[in-house]
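Number of protein chains: 2
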Amino acid sequence: MALIVQKYGGTSVGDIGRIKNVARKAIAAQREGHKVVVVVSAMSGETNRLLKLVGELTERPNEREQDVVVATGEQVTIGLTAIALGAAGGRARSFMGHQCRIVTDSTFSKARIKRIDADAIYASLDRAEIAVIAGFQGVDEDGNITTLGRGGSDTTAVAIAAAIKADACEIYTDVDGVYTTDPNVCRAARKLDRVSYEEMLELASVGAKVLQIRSVELAMKYQVPLWVKSSFTDDPGTLVCEEDAAMEDVLVSGVALDRNEVRVSISRVPDAPGVAARIFGALDQKAISVDVIVQAPPVDGKTDLTFTVGKADLVKTKDVIDHLVPEIQAGGVQVDEECCKVSIVGVGMRTHSGVAARMFKTLYKEGINILAISTSEIRVSCLIPPKYAELAVRALHTEFGLDQAA
Amino acid sequence: MALIVQKYGGTSVGDIGRIKNVARKAIAAQREGHKVVVVVSAMSGETNRLLKLVGELTERPNEREQDVVVATGEQVTIGLTAIALGAAGGRARSFMGHQCRIVTDSTFSKARIKRIDADAIYASLDRAEIAVIAGFQGVDEDGNITTLGRGGSDTTAVAIAAAIKADACEIYTDVDGVYTTDPNVCRAARKLDRVSYEEMLELASVGAKVLQIRSVELAMKYQVPLWVKSSFTDDPGTLVCEEDAAMEDVLVSGVALDRNEVRVSISRVPDAPGVAARIFGALDQKAISVDVIVQAPPVDGKTDLTFTVGKADLVKTKDVIDHLVPEIQAGGVQVDEECCKVSIVGVGMRTHSGVAARMFKTLYKEGINILAISTSEIRVSCLIPPKYAELAVRALHTEFGLDQAA
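Same order as they appear, the protein sequences are chains A and B. When you line the first sequence up against numbering that gives the first Met the number 0, it's residues 0 to 405, in that order. When you line the second sequence up against numbering that gives the first Met the number 0, it's residues 0 to 405, in that order.
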């Protein structure tokens, strides 16, 4: 007998038929002898519907009140799911964030979980109920409703799994696992049976949208075994877990593509101490995350500085840089909206050398120019012209032996 | 300076434009120097949309969970209303039932309010906020979400007004007050400036749908002055309040029509002690309210028993009676779906005699046959064939001097 947290995303609860399907899956797990907690998102489209109502009122809504509105999406789903479980012969009880005390800080719309009342959940499980918990929402110390930000239901599920010491957290979605790369880009993409937390983090941060980064971080921190599964098949899915020796034998686990970055170049930046700190400090103050940073060797006491930011932050970034350029007496700014990042990820890189060189050579052989490079211990990313995106992914996928047997 | 509770129904918050209108009205009252609490319903159509989702799952939903689902309707409205108030330059804070502790019993879907935490509301008002409170919902002693039943937002508003000792409770709706009768039936109908709690109760119970009966009972019990006003005009509306001497001078305050009753006749019921108790006890056990009851004088130890029930209870009533008829050895049952009840209401009846006789005579003059009669201290009701409904209302309206000056 195991203690399992199952999380179902928006498409998995997108209509009444699918909610009935969730009920069947949860009851099946319970009949196998497991204790089951279900975490659900809002029905697909619902959060956007609610945000649209808010948007019709004002562009700058009070964030406390916006959270009150959007938290209803998950509340509807827990009620419906508990009703579906009851109608299918199960016992169930729904919990909102404030009922199983998912206590967060007071950062409305992107709150962080501080603690969870495991006893309320244990008590429900001890009554042989399936506990159905609203994802995405919590309550602060003063009893205000908070939400965790987009994709927050994954985080709720992992946090609950950690709090109740679950044996596994199963994330049900509309794909049947984590793939070596996007199957829409590369038909040879293969589903991974296992992937390490760190690889998953790198894959998530470079554009594989299966899991929310915070939920993977949390799973790694609390050693929660995380399964990515499909709501619509019985495929075992992918296990995200601790790295082990076998994983290190694999040089590259996945190839990721991110089309959401924009390259910004500042020309003729004075090569003086503190200038880079000033630029990136100003961006940080506006909560703009910067990714790849490349600084050219200085010529005549001036250097060119290139970095990437998310497309969504482009307007804010321009504001900041346009102010700074005259202040720091730089030459000018160039924004290259056409830009894409291809990355290879694998814990095997730690113990094997030459991986980056092989990547560059592969891109070179295909005639792809590399605009900038960044690396971590288990990742190499190259900025390339976007027209080569698919070609680069397929070439790297083949080069590192990821293609599935034909 | 006064302390005012304003309640806005579903049509008054039916879209974003109307929610902005609510914000304007509440801020206007605050700028006049009043402390303002706003109670809102779900946006019109929303509760039905949610119940439809539940209905697609099962005909017999778990009632605790159904309350979790439908309570979201009001939650969305409080968030949107608070955002609208903020956007219009006001200060506001929303409260769900569990946040200002509207504690109810645990009768899901028709819970009754036990107490309210006035301090939470006072604290909000002391911060110069407009407190925006979700109608229709509460929380039981165990922290479960409850709802108060259809029209429960009126009850919430009056209960809050009583708890915080408000100077007035204003019920905003899509009509501009309480009328002497339905203006759609009788063009001469006149808006009442004042009506007593007891008259309002009788009018509400016989089909004038402006206010929910429980809210009027509560207002009477706690002496809360209740205004019925239109959201869409600045008309002062109708004040529902304590009876005073001037009201007694008016013989009849209103004429009400109820088309939702069905007449059930049981023939040849044994005229023995306990038989009537058995019949009405069985109906009561199924929570069926019985209205007009007429028992004919017994012939040969048998009597005919006629009563009315709401149309919605007809199926349940038939089940009960069909079982009972052979048990009590009665002759048979006849259900007359075509039936309507016309009533005259007025506190002046207490001190004036002959009102009922004048009513019967008026109906007789129009050739209307009376099928059954029931009375209270301040009301006379007649069951008549439905084809005469409008004629009866207009004739009585004229007879008792209610027609407005042409």
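No lab work stands behind these hints: they were computed from the structure. Note that the Cβ used here is the ideal one computed from N, Cα and C, for glycine as well. Check the hints yourself; a few may be wrong.
What the hints assert, rightly or not - The calculated lysine-lysine pairs, modelled on DSS-like cross-linking and capped at a C-alpha distance of 27 Å, are: (1) A:51 - B:24; (2) A:24 - B:113; (3) A:51 - B:51; (4) A:190 - A:51; (5) A:109 - A:285; (6) A:190 - A:24; (7) A:113 - A:310; (8) A:51 - B:220; (9) B:317 - B:364; (10) A:19 - B:51.
Said to hold, decoys possible - One-sided and incomplete, this derived list gives chain B residues near chain A with beta-carbon spacing under 8 Å: (11) 0; (12) 55; (13) 64; (14) 82; (15) 93; (16) 142.
The hints, checked one at a time:
Taking the CA atoms of residue 51 (chain A) and residue 24 (chain B), the gap is about 24 Å. The hint holds against a cut of 27 Å. Annotation: proposed proximity of residue 24 (chain A) to residue 113 (chain B) is violated, straight-line Cα distance about 40 Å (limit 27 Å). For the hint linking residue 51 (chain A) to residue 51 (chain B), the alpha-carbon distance of about 22 Å falls within 27 Å, and the restraint holds. For a cut-off of 27 Å, the pair hint linking residue 190 (chain A) to residue 51 (chain A) is broken: about 36 Å separates their Cα positions.
A distance of roughly 16 Å separates the Cα atoms of residue 109 (chain A) and residue 285 (chain A); the hinted pair therefore holds under the 27 Å criterion. Straight-line distance between C-alpha atoms of residue 190 (chain A) and residue 24 (chain A) comes to about 22 Å, which keeps the hinted pair within the 27 Å bound. A threshold of 27 Å between alpha carbons decides the hint, and for residue 113 (chain A) with residue 310 (chain A) the separation of about 31 Å lies outside it, so the pair is violated. As the CA atoms of residue 51 (chain A) and residue 220 (chain B) are separated by approximately 42 Å, the hinted pair breaks the 27 Å bound.
Proximity of residue 317 (chain B) to residue 364 (chain B) is assessed by CA-CA distance (about 35 Å); at most 27 Å being required, the pair is judged violated. Among the hinted pairs, residue 19 (chain A) with residue 51 (chain B) is consistent with the structure: their alpha-carbon atoms are about 15 Å apart, no more than 27 Å. Hint status for residue 0 (chain B): violated, given a least beta-carbon distance of 26 Å to chain A, over 8 Å. The restraint placing residue 55 (chain B) at the interface with chain A holds, with a minimum CB-CB distance near 4 Å, inside the 8 Å limit.
About 4 Å separates the beta-carbon of residue 64 (chain B) from the nearest beta-carbon of chain A, less than 8 Å, and the hint is met. For residue 82 (chain B), the shortest C-beta to C-beta distance to chain A is roughly 5 Å, which falls under 8 Å, so the interface hint holds. About 5 Å separates the beta-carbon of residue 93 (chain B) from the nearest beta-carbon of chain A, less than 8 Å, and the hint is met. The beta carbon of residue 142 (chain B) comes within 6 Å of a beta carbon in chain A, closer than 8 Å, and the hint placing it at the interface holds.
Checked against the numbered hints listed earlier, the structure breaks hints 2, 4, 7, 8, 9 and 11; every other hint is satisfied.
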